[in-house]
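Quick note, the sequences are listed as chains A and B, same order.
No gaps in the numbering here: position 29 of the first sequence is 29 in the working numbering, and each next residue is one more.
No gaps in the numbering here: position 168 of the second sequence is 168 in the working numbering, and each next residue is one more.
Rather than coming from a laboratory, the hints here were simulated on the basis of the structure.
None of the values given here were measured: they were computed from a predicted structure.
The reader is advised that the hints may include incorrect statements.
No more than 30 Å apart at the CA atoms, straight line, and that leaves these computed lysine-lysine pairs for BS3-like [stated by the list, open to error]:
1) B:K129 x B:K119
2) A:K104 x A:K57
3) A:K117 x A:K107
4) A:K71 x A:K57
5) A:K91 x B:K118
6) B:K97 x B:K129
7) B:K127 x A:K71
8) B:K108 x A:K91
9) A:K57 x B:K119
10) A:K71 x B:K119
11) A:K104 x A:K117
12) A:K91 x B:K109
13) A:K71 x B:K108
14) B:K127 x B:K97
15) B:K109 x A:K72
16) B:K97 x B:K108
17) B:K127 x A:K117
18) B:K129 x B:K83
19) B:K83 x A:K71
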Amino acid sequence: MRLLVLLVGSLAMIGPSCFAADGDAGHGAGIYQRCLACHSLQHSRSGPRHCGVFGRKAGTLPGYAYSQAMKKSGIIWDETNLNRFLENPLKTLPGTKMAYAGVKDAKDRADLIAYLKQATRDPAICD
Amino acid sequence: MSDVNLQTESAADRRSFLSGLGKITLSATAIALLAGQDRVGLIGSAKAQTANNDVAILNAALGAEQEAIAAYQLGAASGLLQKPVLDLAVQFQGHHKEHASALATTVKKLGGTPVEAKKTYSFPTQKLKSQEDVLAFAAELEKGAVSAYLGAVPILTDRELARVAASILGDEAMHWAVLRQALGQNPVPTAFLA
């Protein structure tokens, strides 16, 4: 089992294509439950709503009070910078008020991002 | 809760005894929190940054607690919950209130400003049609809260605050398990929480 995990892990690393393209969105939906204390797809809660986050400039969702750090970050959200941010938010973006240790496992992050990519632009969820 | 019987002397005594107990519990928590604060009191500027981070973490947790309080309020007022589930919901809401007040106090002690509860929350009210729906909704919030505290414990700089966060995590994990049990689900589905 361990070996299998290692194998899959290294295969994923060999592939030059983007991690998220290979992510397992089904598994990612489970990982997204960790975010549900503060976020939802449709509504801003203590964290901003996630619908439409890909391609959105960080810290610009109207009506949500972001930290200065997020507003000034200049980030436009894509797979690569989400992957970096979600690994360790406070370290990647000091001063962010997303006070969360992060998703440490690279495969979990890839799956999560694959899920987010679908769900945040799913017309059945996001209007 | 019925206040009707509390008119007699012995009931009144009992009530003051109970509220006294409540105060003792709270101040024990407060002492635990204060222990963390004293060390932060000795700070230079590097440590001040650290205290700021801890404030941000506690404020994020406070926001989630406030939402949970409002969610249980919605559940309790929905008319969908029957006893004894209704009593549980009220009790769990009480725990969240205690968490919120302890967190807000600590944020202030650390020199921060506690976040305010929102005036309104976007809850999926149209989907809450039965006791089961309400319980499932509450279970999801409790699970989310466990994850949030799990995300907070390793990054809180002050070890005493990390301990307090872990103790709240334990409480919310118990809520989660009881709600799952009430839903007829496996109350403790995994050996590890994420």
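Results of checking the hints against the structure:
For the suggested pair K129 (chain B) and K119 (chain B), the alpha carbons sit about 23 Å apart, so the restraint of at most 30 Å is met. This hinted pair checks out: K104 (chain A) and K57 (chain A) have alpha carbons roughly 24 Å apart, not beyond 30 Å. Of the pairs offered as hints, the one joining K117 (chain A) and K107 (chain A) holds, with about 15 Å between alpha carbons and a cut-off of 30 Å not exceeded. For the proposed pair K71 (chain A) and K57 (chain A), the alpha carbon gap of about 9 Å is at most 30 Å, so the pair holds.
A distance of roughly 28 Å separates the Cα atoms of K91 (chain A) and K118 (chain B); the hinted pair therefore holds under the 30 Å criterion. For the proposed pair K97 (chain B) and K129 (chain B), the alpha carbon gap of about 26 Å is at most 30 Å, so the pair holds. The suggested pairing of K127 (chain B) with K71 (chain A) is violated, with an alpha-carbon distance near 34 Å, which exceeds 30 Å. Between K108 (chain B) and K91 (chain A), the direct Cα distance comes to roughly 24 Å. Compliance with the 30 Å bound is thereby established for this hinted pair.
Simply put, K57 (chain A) and K119 (chain B) have alpha-carbon atoms about 27 Å apart, close enough for the 30 Å limit, and the pair holds. Distance check on the hinted pair: K71 (chain A) and K119 (chain B) sit about 24 Å apart at the alpha-carbon level, within 30 Å; holds. Of the pairs offered as hints, the one joining K104 (chain A) and K117 (chain A) holds, with about 19 Å between alpha carbons and a cut-off of 30 Å not exceeded. Taking the CA atoms of K91 (chain A) and K109 (chain B), the gap is about 25 Å. The hint holds against a cut of 30 Å.
Among the hinted pairs, K71 (chain A) with K108 (chain B) is consistent with the structure: their alpha-carbon atoms are about 25 Å apart, no more than 30 Å. For the hint linking K127 (chain B) to K97 (chain B), the alpha-carbon distance of about 25 Å falls within 30 Å, and the restraint holds. In summary, the hint linking K109 (chain B) to K72 (chain A) is supported, as the alpha carbons are separated by about 29 Å, within the 30 Å threshold. Between the alpha carbons of K97 (chain B) and K108 (chain B) the distance comes to roughly 17 Å, so the proposed pair stays at or under 30 Å and holds.
With a C-alpha separation of about 25 Å, the suggested pair K127 (chain B) and K117 (chain A) falls inside the 30 Å cut-off, and the hint holds. Straight-line distance between C-alpha atoms of K129 (chain B) and K83 (chain B) comes to about 17 Å, which keeps the hinted pair within the 30 Å bound. Using a Cα cut-off of 30 Å, the hinted pair K83 (chain B) and K71 (chain A) is violated, with the two alpha carbons roughly 47 Å apart.
In this structure, the hints that do not hold are numbers 7 and 19, in rising order.
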